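In order, the protein sequence lines correspond to chains A and B.
Using the working numbering, read the first sequence as starting at 1 and increasing by one per residue.
Using the working numbering, read the second sequence as starting at 1 and increasing by one per residue.
Source of the hints: derived by calculation from the structure; they are not laboratory data.
Hints may be right or wrong, so weigh each one.
[As the list claims (entries may be wrong)] Quick look at which bits of chain A chain B covers, simulated, 3 or more residues with Cβ under 8 Å:
(1) 69-81
(2) 126-136
[Unchecked claim] Here are some chain B residues the structure puts well away from chain A; computed CB gaps all over 10 Å:
(3) Leu86
(4) Lys168
(5) Leu225
(6) Ala239
(7) Arg245
Every value quoted in this text rests on a predicted model; they were computed, and no experiment measured them.
Here a beta-carbon is modelled for each residue, glycine too, at the ideal position from N, C-alpha and C.
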Amino acid sequence: MSADPTPALQFEGVSIRLGGKEILSPTTLDIRQGEFVCIIGPSGCGKTTLLRAAAGFVQPSAGAVRRGQEIVKGPSREAAFVFQDYGRALLPWRTVAGNVSLALEAMGVPAAERPVRIDKVLQTVGLSAHADKFPLQLSGGMQQRAQIARCLAQEPSMMMMDEPFGALDAMTRESLQDELSRLVRDSGLTVLFVTHDLEEAIYLGDRVVALRSNPTPGKPSVAAVVDVNIPGPRSQLSTKEHPEYLRLRRELYHFLGHH
Amino acid sequence: MARVNLKSLRGAVVPVVLLAVLEWYARGPGKNSDALAPPTEAAASLVGAVGDGSLLQASFFTLGSAAAGLAVGFVLGVLLGTWLGLSARAGRWGFLTVEVMRPIPSVALIPLAMLVYGFGVRMEASVVAFAVFWPMLVLAQAAARQVDLRLLEVADALRLSPAARLFKIVLPAMVPRLFVALRLGVAIALVVAVTVEIAANPHGLGYAIMLAQQSLDPALMLAWLFWIAVLGYAVNAGALWVQSRVARAMGASV
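The shape of chain A in the complex, shown without the other chains (with noise of 0.2 Å):
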């Protein structure tokens, strides 16, 4: 864990209401800085809100979302967000590089400095050999791959992921997700992560957030919280047959819905 005692994220009371409609019940979870928090939850429980509110991109009704001391007020470069549908949030008009390019050019770093920080990037991710191809020309998990990249170029402290390998084949899904735990764990990034799948979050997180279907006012949204206490480094063989992993799979499992 690290030294800092100020956590990177806090939830304070926060509830989200659109429309008239209660999204978000009064939430309060602390993420610690380096932590890799997996939120799980049926669909409609408000797993993807909470991390919009995580971003800045929802402003809650109630309570506040603070990142650092500060409190949340609107996105970001600080705190990355890779959305799911990767097709929608690349620009279909620039090649990779030029989709990384995108968030240099955003923070005002100098032309001549960017071939080396996309180099570095997209080595990072293993898409240095499709700089020059177009997001159109790529699988979906390439796709995704360079909007990690993006996000990873603008150097955030943070990254906010909604279901990002939710749309991703099975073989596909298990490679990228021991990329981004090896990433994670060299970069100490914190990570909020919202799956609607139970063992990619007990997989990569060092807790779960389980929150509950049906968001009622008064009532809060957290149903539980869990630590995982698998030692790392993970591997999808070992990693799922350790007795805690399948112990915290049978105590989540009716989280999502299934009775």
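Position chain B relative to chain A; hints supplied.
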């Protein structure tokens, strides 16, 4: 190979037959017609118009005025339309004005344009610009509204400046729809330019075809008509070519 070539010639059969029928009719039953001339005579007149430089001069004038008017109308229409599309408030303020101005037939502005500019390029280009401006505005407004919300969120997440947001996200995302607008604008610009010349402006292709008609020279009139059709086809084909080149440069899968 020969078979492919023969097949590609199929499209030419109907025009050739029509030309042959016209030739036969104009030389036979319609010999004394003031409206029709044999295509061969029209071709001779066309060669004559090329020879005396009138074809080049008239084409230059019409295409130049149409292009100038199109450029002004397209740029202003797209800029204003984008603004109205992005800002809901501007859209509400502009709505009535647009709906009142848009249905004014552009050629009804010829008298006004003549008073302001007299005869010449500026008068013609201003009427073309007016005609092109409104459809460009409406199409650009729709295009700006249809920019994928996700891309705007990407711009927000990266904290792009308003200018970068416009030039790096919004306008490029509008390009495919703007090309549809541009091709429509090209067609409108040509039609209006020739109309202005037929109605008022003593220059260009429209005036040339009017002059041929008034001098009872159907062969020359048909020659101009044919040439205007060729130019219209070429301009549209050129716009299509540019469109596909740009689409490919912007990552569209071929």
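Right, here's what the structure says about each hint:
Here the stretch 69-81 of chain A counts 6 residues with a CB under 8 Å from a CB of chain B, which clears the bar of 3, and the coverage holds. Counting residues of the stretch 126-136 of chain A whose CB falls under 8 Å from any CB of chain B gives 3; the rule of at least 3 is met. Against chain A, the non-interface label of Leu86 (chain B) holds: every CB pair exceeds 10 Å, the least being about 18 Å. The Cβ of Lys168 (chain B) sits about 7 Å from the closest Cβ of chain A, inside the 10 Å cut-off, so the non-interface label is violated.
No Cβ of chain A approaches the Cβ of Leu225 (chain B) within 10 Å, the least distance being about 41 Å, so the stated non-interface status holds. No Cβ of chain A approaches the Cβ of Ala239 (chain B) within 10 Å, the least distance being about 19 Å, so the stated non-interface status holds. No Cβ of chain A approaches the Cβ of Arg245 (chain B) within 10 Å, the least distance being about 13 Å, so the stated non-interface status holds.
Violated hint: 4 only; the structure is consistent with all others.
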